[in-house]
Amino acid sequence: MSPRTGTGSSTAARLIAVVADIMAFIIILWILMYLLDANRANDLVQFVQDSARWLAGWSYDLFTFDEAWARVVTGYGLAAVVYLFIGHAVAGRVRRF
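Convert by adding 199 to the 1-based position in the sequence shown; the result is the number in my numbering.
There may be inaccurate statements among the hints.
What the hints assert, rightly or not - Computed spacing ranges between beta-carbons, pair by pair: (1) D265 - A211: 42 to 48 Å; (2) F264 - R239: 19 to 25 Å; (3) V289 - N238: 34 to 40 Å; (4) S209 - V244: 35 to 41 Å; (5) I285 - L235: 24 to 30 Å; (6) D265 - V244: 22 to 28 Å; (7) F246 - D220: 15 to 21 Å.
Calculated from the structure, these hints are not laboratory results.
Yeah, the Cβ is synthetic: ideal placement off N, Cα and C, and Gly gets one too.
Can you build the whole structure from these sequences, using the hints too?
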């Protein structure tokens, strides 16, 4: 079976993968901003934090490490990994149809 380039399923798969990548990027960007102690009064930092918190709402504060940085890295990092894994898995399935 030859790959169907340019078809609707290929476009949809690409879109799903890009959305998953963007979601993970926002979360990872917040982790980096947190670790680098970015100015939370800055509008961009606030936007990234709010977006990441919304995206990782299900995993935010899932872990109860004593150190705040460890909770941020694991809680938000888990969400980023799940979005990447599921997004690319779904994209792969869509691409096959």
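Okay, the hints, checked on the actual structure:
| no. | hint | verdict |
| --- | --- | --- |
| 1 | D265 - A211: 42 to 48 Å | holds, 44 Å |
| 2 | F264 - R239: 19 to 25 Å | holds, 21 Å |
| 3 | V289 - N238: 34 to 40 Å | holds, 36 Å |
| 4 | S209 - V244: 35 to 41 Å | holds, 37 Å |
| 5 | I285 - L235: 24 to 30 Å | holds, 28 Å |
| 6 | D265 - V244: 22 to 28 Å | holds, 25 Å |
| 7 | F246 - D220: 15 to 21 Å | holds, 18 Å |
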